[in-house]
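Grab the two chains, each in its own frame, and use the hints to assemble them into the complex.
Residue numbers (the numbering used here), protein chains in the order written: chain A, 1 to 239; chain B, 1 to 260.
Since the hints were derived computationally from the structure, they do not count as laboratory data.
If you're wondering where the values come from, they're calculated on a predicted model, not measured in any experiment.
Be aware that a few hints might be false.
Cross-link-like lysine-lysine pairs, in silico, PhoX-like; alpha carbons within 20 angstroms at most [what the hints assert, rightly or not]: (1) A:95 / B:6; (2) A:98 / B:3; (3) B:82 / A:63; (4) A:123 / B:6; (5) B:257 / A:10; (6) A:67 / B:85; (7) A:67 / B:257; (8) B:254 / A:55; (9) A:67 / B:258; (10) B:3 / A:103; (11) A:123 / B:70.
Here is how the chains run, residue by residue.
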Amino acid sequence: MIKIKNLHKKFGKLTVLDGLDLEIGHGGIFAILGPNGSGKTTLIKCLLGMVIPNKGEIEYQGKNVLKEWDYRNNLNYLPQIANFPANLSVIELIKMVKNLRPKQANEQHLIELFGLQPFLNKKLGNLSGGTKQKVNIVLTFMFDSDLIILDEPTTGLDPIALIYLKELIQKERYKGKTILITTHIMSVVEELADEIVFLLDGKIYFKGSVPKLKEQTHQENLERAIAKLISKQYHKETV
Amino acid sequence: MLKILKYSIFDLLRSRWSYVYFVFYLILGFVLFFLNNDVNKAIITLMNIIIVLTPLIGTIFGVMYYYNSKEFTELLLAQPIKRSKIFMGQYLGVSLSLTLSLVLGIGIPFVLYGLFKSASIFDFGLLIVVGAFLNFIFVALAYNIALSNENKIKGFGYAILMWLFLAVVYDGIFMILAIKFKEYPLDKFALGAMMFNPIDLSRTLILLKLDISALLGYTGAVFKQFFGTSKGLIISLLILCLWVLFPLFRMRQKLLKKDF
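If we strip away everything but chain B, and leave its shape as in the complex, we get (with noise of 0.2 angstroms):
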């Protein structure tokens, strides 16, 4: 499995997009802390970014690699190697390199600025976590959709609906059922509804790591009850894990049934 990784990366890293992506993080860190001295206001609007962009970048790449190197796969598929090995290697190898895209391409203006200096090094690191969670977990749901659909029309366009679905309307969905039920009280159903969208769940932990949510009225202090305590973290950080494993573990389920 290493050697697929190793590949993967190898050829991800020497593609054009790699870097695309990673210069436009950078020239985004740079633009952001030298014409806005104030941090905290920086790494909202990076979240912001992050939080819609990682996903999608990650639903892209994931479908596109997995069509792209279809015929290669099969390749591979005809060599001593185990059917999941060579799927999870490349799996990894697609998130590792979209990871180090984003971790290098924020990280560099964050340290030319002083952020070791800085007590907003704990913001950034949660930051760059879920990033990262971002990533592992979108890749992981584009190849679910790939390894299930063998037109690749389709394929994209059932990867790009399940990105506007939990980037977008999820939230539509949440704000309707929210006003429509605005006499209940919704703390409970709020909590759980964020748990079934990593991107709302990444949102909400960054939110209230930065201690904005005083904004957030009742509902909010609900919120920094549950997410600000260091419980409240690690169950955020281990449903991620869970978004992760789940797709990981269809993927399997699926590997072992299909025909290339």
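Excised from the complex, chain A in its bound form (with noise of 0.2 angstroms):
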């Protein structure tokens, strides 16, 4: 579904991502993970076309995506932060979104499922930072599309709605949907994840499943078997 080829970018002097290959194949929860600054989201912003990569290819259900826009149209992605204009009320941006996309959406069982009809009328400006996201994560999963981009979904959630989630992107894995999901919360990771791709270094350390990864790292635990991954950048740094 998705072919990174030979993935390039640098951010001034820093180069983020190295030569990046990537293939991810149709359905199935792929979390990608990394250390700080591995360029998680830059890899997930050139997908989108946000950031312009120096090199590489990228191609999306088999046509490149650089400098094209409709592609877009099919999938879905969860921005970090969620910030809105705060002269809008939620209900306004839901429509607005909505108005903006040639396609149907189905916006009201998840406006039930976390409880925003108190707040639909509020402006967005007035709204805490866990409803904001809540208000983000109807907009990403309104629209029903073959691949969901998500980053750091749980930030700022309660632990019902950090439930709900959860079981959305499980049904959204039913469909038959490709979703890509960066966290730092490992438990997320280990309840979801079909497939880790983890970035070190501008490039895909490894990939594949979690028993996998924990058997190569000699690992009980993901957290460990993660962090014994990180820390061979950090013992890479100090010598």
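What follows is the structure, given as structure tokens:
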């Protein structure tokens, strides 16, 4: 479904992606992990066309995406920080995003699921961080697309909302969707991810299932297995 | 693009600052017309204020809107919309809502004063056109600066410096050069220098239209010869158009390479 070849991206002197190759098939939940600053968000943003790579190719559903824009109609993206125009109300924002996409939206059950009815007519500027994140989730999941990209979706959510979010993600998986998710919360990865894509030094350092990762790092626990992968980078820096 | 434009205007019309700006012009217009019975004088005072204030407000609003809506722009960038359309929509939204505040703010007192019966309607029209141009020019320049600077404080700083340069410093340099080289015929140079500054160009355009160029002496006569004719007027308006188009072109180029 997604093919990335030899992707390079530099921000000034800082090399973030350094010849990254990645192929993601159709269907399943893929957790993109890596230490802070390893290029997870940059990789996602390259796929979305928000960051323009220095070199490399990206294909989505067999078509080149660089400099294109209409392919985005078939993917949903949840950004890391939800910040909306303070003057709009929740319902106006939802209507606006619906209006911008030539696609059927199904927001009603999501609004009910996350208990957003009392906030619908409130200005976005007056909402708490967690409520904004719920609005963000509604905006992402209300469209039916083959690819869903979630960048730190759990930020600011209360435990119940978190459970609902996980269920929502599972449901989408059963519908055959491809879901890319970045997070630092390992329990979410362990519970949801079919495959882990581990980024280090701007390349894919590991790609495979959770049991395979545990086996390769000789660790019982996912958190420790990931810590072991990351620690290689820390040790390298001290040498 | 029209959808983005619609929402930007919608968003701005709900912001308190659009109304503050509108009410400011409204009060200014009423005070000028009802305390001062000479329409020409009122227009000159208005011109002096508009020519300095619209660029300043356009610059500040442009920069502020860009930085304030940054995260929201990111949300839009992930939607199936072309990049340039998002920014053109926002740019037109800011420029149009500022122009609306200006037109309504000074238009209402003018109409109540009985403008349609007076001969000043063309002068007033020119004032509005020039004010609108200044809005579009300075919002475009502000957007350029904001797009090139990730750092908010730096972006604001450069934008204010740009305004200060074009509104104040440019004239100062011009004056110094004029005094320094007063032995030489300077009218061609002055004419040229005026074209490179939209504020000066607008001011000269209005002053000459108001027919007070007699006060400006020989150089005034040269200017009058240039601006007073319809050819001069058209050339000046074309140059103002270029002042809008050039920053927009650069904005487009910048957008092709920018990371968000």
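Here is what the structure says about each hint:
1. With a C-alpha separation of about 13 angstroms, the suggested pairing of residue 95 of chain A with residue 6 of chain B holds against the 20 angstroms cut-off.
2. With a CA separation close to 11 angstroms, the supplied pair residue 98 of chain A and residue 3 of chain B stays within the 20 angstroms bound.
3. Simply put, residue 82 of chain B and residue 63 of chain A have alpha-carbon atoms about 17 angstroms apart, close enough for the 20 angstroms limit, and the pair holds.
4. The straight-line distance between the Cα atoms of residue 123 of chain A and residue 6 of chain B is roughly 18 angstroms, inside the 20 angstroms bound, and the hint therefore holds.
5. Distance restraint check for residue 257 of chain B and residue 10 of chain A: the Cα-Cα separation of roughly 13 angstroms lies within the 20 angstroms cut-off, and the hinted pair is therefore satisfied.
6. A hinted pair counts as satisfied when its Cα atoms are at most 20 angstroms apart, and residue 67 of chain A with residue 85 of chain B qualifies at roughly 14 angstroms.
7. Proximity of residue 67 of chain A to residue 257 of chain B is assessed by CA-CA distance (about 10 angstroms); at most 20 angstroms being required, the pair is judged to hold.
8. Taken as a hint, the residue 254 of chain B and residue 55 of chain A pair is honoured in the structure, with Cα atoms around 18 angstroms apart against an allowance of 20 angstroms.
9. Proximity of residue 67 of chain A to residue 258 of chain B is assessed by CA-CA distance (about 12 angstroms); at most 20 angstroms being required, the pair is judged to hold.
10. This hinted pair checks out: residue 3 of chain B and residue 103 of chain A have alpha carbons roughly 15 angstroms apart, not beyond 20 angstroms.
11. Annotation: proposed proximity of residue 123 of chain A to residue 70 of chain B holds, straight-line Cα distance about 18 angstroms (limit 20 angstroms).
Going down the numbered hints, you'll see the structure goes against none, and every one checks out.
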